[in-house]
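Trainee: Line by line, the protein sequences give chains A and B.
Residue numbers for the first sequence follow the numbering used here, beginning at 1310 and rising by one.
Residue numbers for the second sequence follow the numbering used here, beginning at 13 and rising by one.
Everything labelled a hint here was simulated from the structure, so no lab data went into it.
Source: prediction; values computed, not measured.
Do not take every clue at face value.
Distance ranges between label pairs, derived from CB positions [stated by the list, open to error]: (1) A/1323 with B/83: 28 to 38 angstroms; (2) B/69 with A/1412: 32 to 42 angstroms; (3) B/52 with A/1412: 36 to 46 angstroms; (4) B/72 with A/1312: 44 to 54 angstroms; (5) B/95 with A/1366: 38 to 48 angstroms; (6) B/72 with A/1331: 13 to 23 angstroms; (7) A/1323 with B/69: 33 to 43 angstroms.
With a straight-line Cα cutoff of 20 angstroms, these simulated EDC-like cross-link-like pairs (lysine to aspartate or glutamate) come out [claimed, not checked]: (8) B/50 with A/1365; (9) B/82 with B/29; (10) A/1366 with B/109; (11) B/15 with A/1372.
Glycine is no exception: its CB is placed at the ideal position from the N, C-alpha and C atoms.
If you want the building blocks of each chain, they are given just below.
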Amino acid sequence: DTGVSQDPRHKITKRGQNVTFRCDPISEHNRLYWYRQTLGQGPEFLTYFQNEAQLEKSRLLSDRFSAERPKGSFSTLEIQRTEQGDSAMYLCASTEQWDSVNEKLFFGSGTQLSVL
Amino acid sequence: AQKVTQAQTEISVVEKEDVTLDCVYETRDTTYYLFWYKQPPSGELVFLIRRNSFDEQNEISGRYSWNFQKSTSSFNFTITASQVVDSAVYFCALSEEGAQKLVFGQGTRLTINP
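Full structure from sequences and hints, please.
Mentor: Listed below in structure tokens is the structure:
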């Protein structure tokens, strides 16, 4: 069990560029989440997948954000036309619970995005 | 609406002292779940405990203990005989029944000095 893996760990980009992050959950976990964490704050929910289906998106997820989990395994989070306000740590988490989030989540170490 | 408040932004103590991290929550649901997560400098959040709203029994796990009081909507976390390795940011979180997300507090940065 290698845990939740996120790539890259750090990403520096210029305003207006597109960026894509990848998350590899724990292999038997069917549920995958994306959270965003800004400095000095707790993580905020962005979206989650049950297998390949994206079942909920937060209002924080503007049209510039898109997430996919094409085969129900790894997931990608793309931000188009990045803005300085997008600078944050993007966290991925997974769990094997089927019907509720009320079990513990396993988090990756996150991707730290800096938009210049 | 759900809300979690951790009023203590930063706490600094000397090793072996006991320390309590406060958590106050708001929810209109009668069924909900409370969590504590630890975020060490490496960044990944680590699950510590889950409590459901019907179980007010306090829990102890080694040097860690949790005090859940529905009357005051609090779920406080105490570390006894703190150690330097306990230094981290600690988050309290809430999830309502059927909700598919955790709502986190702002976190408390705990520093244990040798």
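Trainee: Check the structure against each numbered hint from earlier and tell me which ones fail, lowest number first.
Mentor: Failing hints, ascending: 1, 2, 3, 4, 6, 7, 8, 9 and 11.
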